[in-house]
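Could you build the full structure based on these sequences and the hints that come with them?
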Amino acid sequence: MRRSRLPFAVLAFVLVFFYLPILILVVNSFNASRFGSGWQGFSLRWYVRLFQEAEIWQAARNTLVIAVSVTLVSLVLGTTAALALHRFAKTRLQRLHYTFIYTPLVVPEILMGISLLMAFVSAGVPLGLTTIFLAHVTFCVSYVALVVLGRLQDFDDAVVEAAQDLGADWWTTARRVLLPMLAPGLAAGALLAFTLSVDDFVITFFVAGPGATTLPIRIYSMIKHGATPLINALSTLLLTLTFLTVGASQRLSKNKLFGGGS
Amino acid sequence: MKKKIQEAALTIPSFVWLLLFFLVPTLLVFVLAFRPPDPYGGIGPGWTTATIRDLARHPYWVIAWRTLWASAVTTAICLALALPSGYAVARASPRRRNLLLMMVIVPFWTSFLIRVFAWRSLLHPEGPVKKILVLLGLASPQTPLLYNNAAVILVMTYTFLPFAILPIYAAAEKFDFRLVEAARDLGARPLQAFRKVFLPGVRQGVVTAVLIVLIPALGSYVIPDLVGGPSSEMLGNKIAQRVFVDRNLPHASALSVVLILAVLAPLLAVLFRQRKKEKPEIILEEGG
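Respectively, the protein sequence lines represent chains H and C.
Residue 1 is where the first sequence starts when you use my numbering, and the numbers rise one by one after that.
Residue 1001 is where the second sequence starts when you use my numbering, and the numbers rise one by one after that.
Please note that the accuracy of each hint is not assured.
[Claimed, not checked] Simulated crosslink set (SDA-like; lysine to any residue; CA at most 25 Å straight-line): (1) Lys1130(C) / Leu23(H); (2) Lys1003(C) / Leu146(H); (3) Lys1131(C) / Ala32(H); (4) Lys1003(C) / Leu75(H); (5) Lys1131(C) / Arg34(H); (6) Lys1002(C) / Gln153(H); (7) Lys224(H) / Pro1144(C); (8) Lys224(H) / Ala32(H); (9) Lys1131(C) / Ala12(H); (10) Lys1004(C) / Leu146(H); (11) Lys1174(C) / Leu146(H); (12) Lys1174(C) / Gln153(H); (13) Lys90(H) / Gln1006(C); (14) Lys1174(C) / Ala1188(C); (15) Lys1003(C) / Thr91(H); (16) Lys224(H) / Val48(H); (17) Lys1004(C) / Leu178(H); (18) Lys90(H) / Met1001(C); (19) Lys1130(C) / Asn31(H); (20) Lys1002(C) / Val160(H).
[Said to hold, decoys possible] Output of the computed footprint for chain H on chain C, the stretches with three or more beta carbons under 8 Å from beta carbons of chain H: (21) 1006 to 1016; (22) 1024 to 1030; (23) 1100 to 1108; (24) 1120 to 1126; (25) 1206 to 1216; (26) 1257 to 1269.
[Said to hold, decoys possible] Ranges of calculated distance between the beta carbons of each label pair, as one might list FRET restraints: (27) Leu20(H) / Ala1092(C): 18 to 24 Å; (28) Ser69(H) / Val1024(C): 18 to 24 Å; (29) Thr1048(C) / Gln58(H): 38 to 44 Å; (30) Ala1269(C) / Leu20(H): 34 to 40 Å; (31) Ala1008(C) / Leu166(H): 24 to 30 Å; (32) Phe42(H) / Leu1135(C): 21 to 27 Å.
It is worth saying that the hints were derived from the structure and are not from the lab.
All figures in this text were calculated on a predicted structure; none of them were measured in a lab.
Built from N, CA and C at the ideal position, the CB exists for glycine as well.
In structure tokens:
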């Protein structure tokens, strides 16, 4: 029997819809034209200009420093949370714990941003890179915890028990059995936390205060003030970086990133 | 006893962190709605209900209504595109399925701001979309494509669509497609089979997709800010204005409370329905 082609046509349309804007942006980054209206020849001038913008590189450095520290801290907090949720799944404390982990995922970013801002202002904490770090850890913990928890639920607990039966102490079990098995989950969680931190704008904007600038905040003000060709070039660089990271992570974790593929 | 200590050691770090930086700040939003602002952009002493009364006096209901309306339209469009897409991905051969799934996921690994910006330059008065539409005679050179509600809904759809496709695909992957074929053999037209057999089969995926689009759409701020005009402001924009322009945190708190309630409504509706649905099924199982 002939299947309807309509769903495939819709999917094809959706994929074009997804990639076309990004593609045009990349093409335009090599456009000599200042306003991107019509092709005026291939040029790398916007890339050259980009490298001269000290403010962008300062913002990029802030972003990187925050993302790395956020990844480390949220990896620790998220992994301990996942271990607790997995090992003591039935207790009342863990049910509350799970609600705590889960709820930040469904709260719109702006609400998280404003509530953290209120908290920092009320507590008299000066806004800056530190408050950005604290805010980012708060939303990354949940993602890391759920990714690691997914990995924990996939594997056989009997292996851990077997190791203990064979005389391995807690530390040896953790290091020789648990860690290698968890490694793909940890890598996926770390990558997710890093990406979320690098990309976050809304929450960062609320808790940044006037002085601290991250790359998304810088990009936002460039969009607002119409530095179009420079953003095209910067976007293309970031896209290349993203695709390289995704490619590398795919190799490393063999499609385990989103649970679906195998 | 040792187990208790172990549980505490593993739970305390994340628990305390989220208590301090998630629960307390969220509750604080409700509290600060009843505090007066001070002239320096902070919180003044004492308590007041003036902010809440002020909220009722302002024409905020127009903006609240627009927020609900734009989010609902976005959700409907996302669903209309995600259902056939998720179906198509699930029906593809396993090798192509992984590739298609990657292709759906990768765009949302790219920076959110950059994707919004890409649309801003596409829809620009001198951008490519306008030129093509004028060339095809579908728009006059004066038709504004940017800074209106349609642009906001278009870009929201673009941003949230991958999140809608994934849960529908996940549900469709577990769906037994022989049911659709059986329906077709029994004389159902393709659309009929899709609507009466496939749709109920992936209901859980649809519910997840609706929530995953609707909730962030309600909280939208950047998209209406960058591609919307003054007449497409949403609650998120008003909250940001109160914080960054007026420096009036209590007012921003009061508006956030409205947004929290708007977000809670669909969540609670789904939870409530699921709880109600569970009961008859249990009875059925016991009877059969």
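Each hint, compared with the structure:
| no. | hint | verdict |
| --- | --- | --- |
| 1 | Lys1130(C) / Leu23(H) | holds, 17 Å |
| 2 | Lys1003(C) / Leu146(H) | holds, 23 Å |
| 3 | Lys1131(C) / Ala32(H) | holds, 19 Å |
| 4 | Lys1003(C) / Leu75(H) | holds, 23 Å |
| 5 | Lys1131(C) / Arg34(H) | holds, 18 Å |
| 6 | Lys1002(C) / Gln153(H) | holds, 23 Å |
| 7 | Lys224(H) / Pro1144(C) | holds, 19 Å |
| 8 | Lys224(H) / Ala32(H) | holds, 22 Å |
| 9 | Lys1131(C) / Ala12(H) | holds, 23 Å |
| 10 | Lys1004(C) / Leu146(H) | holds, 23 Å |
| 11 | Lys1174(C) / Leu146(H) | holds, 22 Å |
| 12 | Lys1174(C) / Gln153(H) | holds, 19 Å |
| 13 | Lys90(H) / Gln1006(C) | holds, 15 Å |
| 14 | Lys1174(C) / Ala1188(C) | holds, 22 Å |
| 15 | Lys1003(C) / Thr91(H) | holds, 12 Å |
| 16 | Lys224(H) / Val48(H) | holds, 22 Å |
| 17 | Lys1004(C) / Leu178(H) | holds, 21 Å |
| 18 | Lys90(H) / Met1001(C) | holds, 17 Å |
| 19 | Lys1130(C) / Asn31(H) | holds, 19 Å |
| 20 | Lys1002(C) / Val160(H) | holds, 18 Å |
| 21 | 1006 to 1016 | holds (count 8) |
| 22 | 1024 to 1030 | holds (count 5) |
| 23 | 1100 to 1108 | holds (count 8) |
| 24 | 1120 to 1126 | holds (count 5) |
| 25 | 1206 to 1216 | holds (count 3) |
| 26 | 1257 to 1269 | holds (count 4) |
| 27 | Leu20(H) / Ala1092(C): 18 to 24 Å | holds, 21 Å |
| 28 | Ser69(H) / Val1024(C): 18 to 24 Å | holds, 22 Å |
| 29 | Thr1048(C) / Gln58(H): 38 to 44 Å | holds, 42 Å |
| 30 | Ala1269(C) / Leu20(H): 34 to 40 Å | holds, 36 Å |
| 31 | Ala1008(C) / Leu166(H): 24 to 30 Å | holds, 28 Å |
| 32 | Phe42(H) / Leu1135(C): 21 to 27 Å | holds, 25 Å |
In terms of the numbered hints stated before, the structure departs from none.
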